[in-house]
Every structure is written in C-alpha cells, then in structure tokens.
Amino acid sequence: MKQLLKLIAALPYSLPGKPAPVKDVIAMQQDLKFNGLPTLPEDFVRFLHHVNTLNYDGLFIFGINSRSYFLDILSENLRLDLTQKENILILGYDEFEYLAYCAPHACYQIIDKDTLEVVETYADLTAAMKYLLKADDDEHL
Amino acid sequence: MKKKQKKPFCDTGLGKDLAHMIILPIALKASSHSHRSRFRDNSVQLYERLRCLKDSLRTLIIGDTSETSPAYRSKLQSKILTEKLILNIVSGRRADILKNIEQIMQSEGINFVERHQSPISPEERYVIKCDFNGIPHSPKNLSPFYQNFLLQPSRSSAYPPQNYKLQNLPDWKIYRQFPNFKNNEYKLRVALSEKGIPPQMLSSLNAYDIMHLFSHYYKKHKIYPPETSKVKFIKFFISHHEQAFRTYLNNSRPVIIEALKNKGINISDHPKSDDYRNFVESSIRLMKEKGTVPPLFNIHHKIPVKDSNDPDKLSRINSPQNLCLIMECPYHTMMHLFDTNSKGDTIFDRKVKRVELPQDMIFFGGFRSEACIYHNYSLDYQKNLHLLIAKVTGKRK
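Quick mapping for you: the protein sequence lines, in order, are chains A and B. Read in the working numbering, the first sequence has 59 at position 41, and its numbers run on one by one without any break. Read in the working numbering, the second sequence has 677 at position 39, and its numbers run on one by one without any break.
For reference, chain B alone in the conformation it holds in the complex:
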C-alpha cells in the first residue's frame, strides 16, 4: 500500500513537492515516537557521513601518492594521527579534532600563525566586500539624511559636479584606497550632482550612501561597473599561468573527477571521453572571458579580511598578492577550520589560528609543491599590471 502511494510522487516533478508535504510530517511524527530506532538509524547515517569526512581528510593528509612509494611510508606517522583524528570525529570532540588537525598539518610542514584579530569597522569591511564581489543592487543601512533625501521628489541638478569636495565626505577615505572607486571619483561627483545633494551636506553621508550613489549612477547611465577584484585576479592568474593550471587540471584528473562525482556530477573517466576535456576547456574559457572562479575552486584571502591591521592599506586585502585560488574541498575548508574555534568571545579579543600561505603563492592545489603555482610579483610587476590593464581596457573598447 505504501509503495503504491510513493511511486507516482517520485515519477512526476510536481508530485515530489506533494510527497514532501504529505510524507514528511508523517515521517517526522513517526520518528519522534521511536527514539531508540531513530537513534540507531541516525547513528549509522551520521557515521557514514563522518566516514566520508574521514576519507577526505585522509586524502588531504596522504594525498594521491602511491601506497608503495617511500613518500607514503614516511607519512605513516601522519596516518597514525589520522586514525586518532577519526576516533575524535566519531566521538564528536571538536576541540580534539582541531588539535589533531593542527598536529597533522604541522607534521606536513604547514605553518600556523596565531594572532589577535585587528578588527575593522563595518564600513571598511563593506567596502572591501563590494570591491571584491561587486556593487550591490540596493545597499542597506543608508543614513537618515540620505533616506529622507531619496523620499523627496527628484529635483534638477542645482550643483555642478566640480562643486563637490570629496574630502568632506568622511567615508571617502576608505573608498579612495581602492582603485575601482578612486578612478571613478568623477562619477561619484556626477551622481551627487544628479541627486541634487547640497555640497555642504556631504558630511552627513555614510559609506552605504556612497555605494548607493555608485549603484544608482551605473544603473541610470546603463554602463558596466568596473571589474571587481575577484574578476581581475582570476583574469590575472589565467593570463599568466594558463599552462601551469592546465597541467595541474590534467595531472589531477582522477581527483577532480572524483570531486565532481562527490558533488553529484558524473563526468566520464574514460580516456576517450571528451567530458573532462570539456570541463577543463569551459573552465579556462570562462576564467579568461568573464573572470569566473572555476567550479570546485574558490579564492582565499591570505591575510583575512577581518585581520586587515592597517586601516590605511585596506586595498592590499584584495590585491593579487593577498589572493590565492584554492580547491574548496578539502583545502579551503581546512584553512578555515579554526575560524569559529573561538566563538563566544567578542571579536576584539578573539585569537585566531590561520594557515600561513607564502606571499608569492597564487594557486594552492595540495600540500605537494608540484600542486601549487607561484607568481614572482617582484619581477616587473608594474609592467605586467600595466600590460594587463591595457589588454582589458583595449578589449572593452
């Protein structure tokens, strides 16, 4: 009888939702009445998931080296630690897990830095985020003055753009550190003029108002906002290291295919299949054309945003030297394992442990040196940057 009820739900797309709405409350109700059986079932499921976590961690520690190689034997010590780690994961002792992970990573030559955070203001963080991710559609936290001003009927511009002295705008000192905003100073003046904001009222505007003005300007004039730091970094990376990245992807074919399978995406492992080649080519094409972060990867901030230290050098947080393309699982996840370790403390006295990546590392694909890509920033960096800017602006023209 039960099978007859379930079958049509599974067969039709709409039925699935109905199945969820009808079966789920029954299932939850049933489960709440049978703690013992649920506990047993759930423990198995949870254990299975933790086993997967363990496998991922094992891959992380041991890598994909052959089991017979001397390198593998030399890592037996790490393996013992891994076993201890598994026990801790299963028993759910988070502090022990983190301690063991730290031990394992240190035995792999990974350095940790522990320091007090030097928190930045919400406004500074907001500007860093917008510089990295792009200008939001509708910024929140607008100042009362600006909110009132927006509610008033639009007026013709009474003040020319050159009348606006941006040094009177308190939060402009944050914005002007970022080339994306500093280079568009005139656009902000035009936006202020178009809104008809009196120049003497500039001191009433906050960081969110400025972002709203930028957002409104680009929308009104139907022009693309400047490329974000994220896009610039990806384009910078692929323009300099396409061959190295391609080699990494080809060498890591089994690992990437497995990671995609783990994500529920089946890519054929057959040598004659074009699936993986298409994956590599599409990823690289999108990196080049749109500056899109490739699937399974993410961008890691070496010095974290929350630990920017010097308020006058905020833009260095999103500079290529501080960014690193990294495989999300397991490496980026591991890098941030310690972030929530000190939860409950205030942000001001929080001490955070971080994995320290070298300054010239631009790509992290594993703990083996051949899985990483380095960029010599000191070597004619300015020249490269100018060439890149010329190339990008040339294309856009």
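Okay, chain A solo, but in the shape it has when bound:
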C-alpha cells in the first residue's frame, strides 16, 4: 500500500479526493450488500482511507462520493449494471478497461469494457493499479 500511495503522490496533478471517513465506508459496505453487490475488499478500504477517488490521465478510480453519482462505487455499479454483479464489483475504469474486484476469487481483475473478458488478474490492489497507471512501463526508463 505504501508503494501505491508513493506512486500516486508522484503523479503530476492527479487531484486525489479527500480520505473517506470510517462511517462512510461502513455505510457504503452496507449499501453494497443491500444492493446485492460484493463488499469492498480490505486493501481497497485501506486505499480509500488515504485516497478517495482518483482521476489521472483518463483513469477514473471510484470512491465514496455522497455528493454525486460520479465516481461513487455504488452508483457507478448500479449504473453500469453488468452481468454477474453479485460477484464482480467495478472499482474504476479507463477508456478500454474496468478495474474490478472478483469476490469469489478474492482478486483484482482488469476486464475489457467491450467483450467483458478478463485481461489480467492480480492478487492485490497495488499490482492492478500499477498496470493501470503504467507504472511498470516507466520503471525501466
């Protein structure tokens, strides 16, 4: 998680949202459960306590946003209304892919927006975010 936060802090002008308070996270978990969606994984909750919503270079990571449906985990998932919504929770997207949490396998998935095929699978949030932020590509440069 430290690595991920360091990576986000290094992004130029990424404007991360303010950390989500505990009571909002609990309310969100209850809302998700009530709406038949998987609850937030532990490392994503930890992420929300530091960075609540992120928007950088066409990448949008959801959070808890009670002011608008935009980037709000529950509203966005209800809006997207994808199949298997009881197993898959969408946590963000870019122009081509969704970042999703697959509850049955407790892993993060990169899902193609059009075909809904799983492109990549990651055990933790940091690795999935590194893929989306193309951090690996820059490491060698």
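By construction, these hints were calculated from the structure, which means they are not laboratory data. If you're wondering where the values come from, they're calculated on a predicted model, not measured in any experiment. Incorrect hints may have been included.
Covered stretches of chain A (in silico footprint by chain B; criterion: 3 or more residues with CB under 8 Å from a CB of chain B, positions within the stretch not fixed) [to be verified]:
#	region
1	19-33
2	73-81
3	102-112
Counterexamples of contact, computed for chain A against chain B with all Cβ distances above 12 Å [as the list claims (entries may be wrong)]:
#	residue
4	37
5	70
6	84
7	120
8	124
9	149
Between beta-carbon pairs, the in silico distance windows are [claimed, not checked]:
#	chain 1	residue 1	chain 2	residue 2	range
10	B	790	A	41	34 to 44 Å
11	B	1015	A	30	27 to 37 Å
12	B	928	A	142	24 to 34 Å
13	A	24	B	884	51 to 61 Å
14	A	23	B	881	29 to 39 Å
15	A	25	B	927	14 to 24 Å
The beta carbon of each residue, even a glycine, is placed where N, CA and C say it ideally should be.
Please build the complex by placing chain B on the supplied structure of chain A, with the hints as guidance.
Okay, now just chain B, sitting in the frame of chain A:
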C-alpha cells in the same frame, strides 16, 4: 460507550483500518437481522444518490442557461421529459430510463445511430489498445512457441536483423497499419535478432509475442517507446486550440468548480483566489508537456473500437479525426449509456445505439455550440501534421 470506541479509530490513520475490520462485520451482522429498518435507511440513501444523478441529468438537459432566458423556456418540453425520467430512475426501470434519455437527447438535436457491430478480433483490439494507451510491461497470451523460447537460456544472436521478412509474421499486417509500429519495423527486427528467433519460425509468433518483443526491446535499450495516440492527440489538440480551451475553462468556471467539489476536491470559488487559475494552468501545462488528459475529462472514440468495420483501416480508430476530448461526467457517461443495453446477446448480433458526433468536432464540453471546439482537418491537415511531428521530434532531440 459506543462513542468512546469510535473516536480513537477516527483520529488515527491506522485506527481507521482497525475500525473497518472490527466495526464492519458487526454492522453487517446487525443489518442482516433488521431488514425492515435497513430497507428504510437504504432507500433514503439510494434515493439521495439517485437525486444527485437526476440533478446531473437536469444540468445535462437544461445546461447552465439562466432560468429566465427564452432558451430555458423553449426547453420546458425537455424538462417534462426529465421529470418522467426521474420517476423511472427512482422506480429502477432501466429500459424506460434509456428510452427517455434518448427522447430527451433527440429533442436537444442529438442524433443517434443504431447499427450492428462489426466486431474485430482480440488481436486487432489489443493492438489498437496498445497504440492508444502504450506498450504494456508484460503482455499475456504469448504463443506456446514463444513461451518455450523464453524459457530457454539466452543465446547470442545468430541471425542478422535484415534476415527477418516481416511479411511472414501473420499479425504484422495489423501492426503495420499503425505508424507507431510501422515506423519501428527495424527495432522489431533487431529484437527478433537479439532473441535469436529463427527467421523460418516467424509464422509461429502471434500479436502478443510481437508486443512482448517491442516491450523487451525498449526496456533493454532503455529508450522511450514512441508517443501513444492518446498523447499525440492531446498535444495536437492543445497546440491548435489552447486559446479556445482556455476560454471554455474560464467560461465554465462554476461548472468545473462544482464538478471538482462533487469529486471531493475543494477549489475556492472566490474571484481573487488563485485555486482555479492554478487548476487551469496546471492542466494546460501537463497537456502541452506530457500529453496528459486533463482532470474531469476523457477521450471519446467517435467510431467505437468495437465497431471498426474495415480491418484494413484500423489505425483510423486512433486518428485525431476519430477522437474527441470530452467532459467525463455527465457527457461521456451519457454517450456510453446504451453500450450495455444489449447485454446477454453475443457480440456478433449486438445492435448498439451511439450518439453521433460530427467528424470535425475535437472537443465536446456540452450541448451548446459555444461549448464545443471544431477542427478543420481538411485544411492543410498534412502540413499541420508535419509541423507537429517536426516540433515533437525536435523537442525530443
């Protein structure tokens, strides 16, 4: 007693995680035992969220025109439709919602096109994506031949680069349509040579292997990969329309500040505050220097990637004429509302409705004409492109 437990968790960063782990299971357990009360609470919360959605849609339909203007009065019809839409949203009837949105947008002069998708192969889609977003660090789906080859100990290059006839590489016909790959044909030959792949085995390589070779080459030689189509488009846009974009951002100050606030970012609305000016300047500077998509915006493909039609003209999908900078919420979201409408069908017989944007539109900031920016591509386009390339390569040197 409860307050005493919660307070320290909220005060320390680490405590929040503990709070989540301890309080959440209790809260969830409690909620599962009280359906009636949860239903009531949740309905209110959900309604509040939908109300926000409604407000966003209302802004979308009515725009930020003054309520007393004739333009507003002429849109009363749309407003009535909006009310109907709200009712449908609250009652959760998705099909009705989409139908109403379509009606509203058509009453605003927005055209829809409905057509069967002409799906492209996963390989074609992959190359389009990499051309747009950049070369991935570790491509997956490598061919068995290439995977086996990677497992073998590295060998000295036995074949010179010129021995590789890329026409024997089946998926190269996809790559060569994109200037970013076509112009680096020699680098691929060098990568093949460095890996020691026998030239007669080129036909065994797939599109993912080629991307791996490119990725490995750039990593090994520590050189920057070519600029992606996304970066090129943003730089192209800002180099031609900086003033128009700046004017849009200044005219849309209240809307952008509100959008940032909705995202949880507080930017001062005070006229003397430098917050908004800094936001505009930082966004434009990053667009110019790095080709970064500005916050709250995204790039929209006018002809969608999944509907590329002509397999021999794949690169046009990522060409500036097919791209449009657009405000993500609500406009880009609205453009893609119909995408998942036909879920459950196979991709081959899926019919998708799309909002049709004009070919010369390069920026979409709202349904009012003054909120959009157009680019005349036909007017000395080649000259502009050459100038841009010269400028970019000159800078890099």
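Verification of the hints:
1. 19-33: This one holds; 4 residues, not fewer than the three required, reach chain B with a Cβ under 8 Å.
2. 73-81: holds (count 6)
3. 102-112: With 1 residues close enough to chain B, the hint is violated.
4. 37: Not fine: 8 Å to the nearest Cβ puts residue 37 (chain A) too close to chain B.
5. 70: Residue 70 (chain A) not clear of chain B: closest Cβ-Cβ about 6 Å, inside 12 Å.
6. 84: violated, 7 Å
7. 120: Consistent with the label, residue 120 (chain A) stays out of reach of chain B, its closest Cβ about 17 Å off (over 12 Å).
8. 124: Residue 124 (chain A) clear of chain B: closest Cβ-Cβ about 15 Å, beyond 12 Å.
9. 149: violated, 8 Å
10. B:790 / A:41: 34 to 44 Å: violated, 57 Å
11. B:1015 / A:30: 27 to 37 Å: holds, 30 Å
12. B:928 / A:142: 24 to 34 Å: holds, 28 Å
13. A:24 / B:884: 51 to 61 Å: The hinted range 51 to 61 Å is violated for residue 24 (chain A) and residue 884 (chain B), with Cβ atoms some 33 Å apart.
14. A:23 / B:881: 29 to 39 Å: holds, 37 Å
15. A:25 / B:927: 14 to 24 Å: holds, 20 Å
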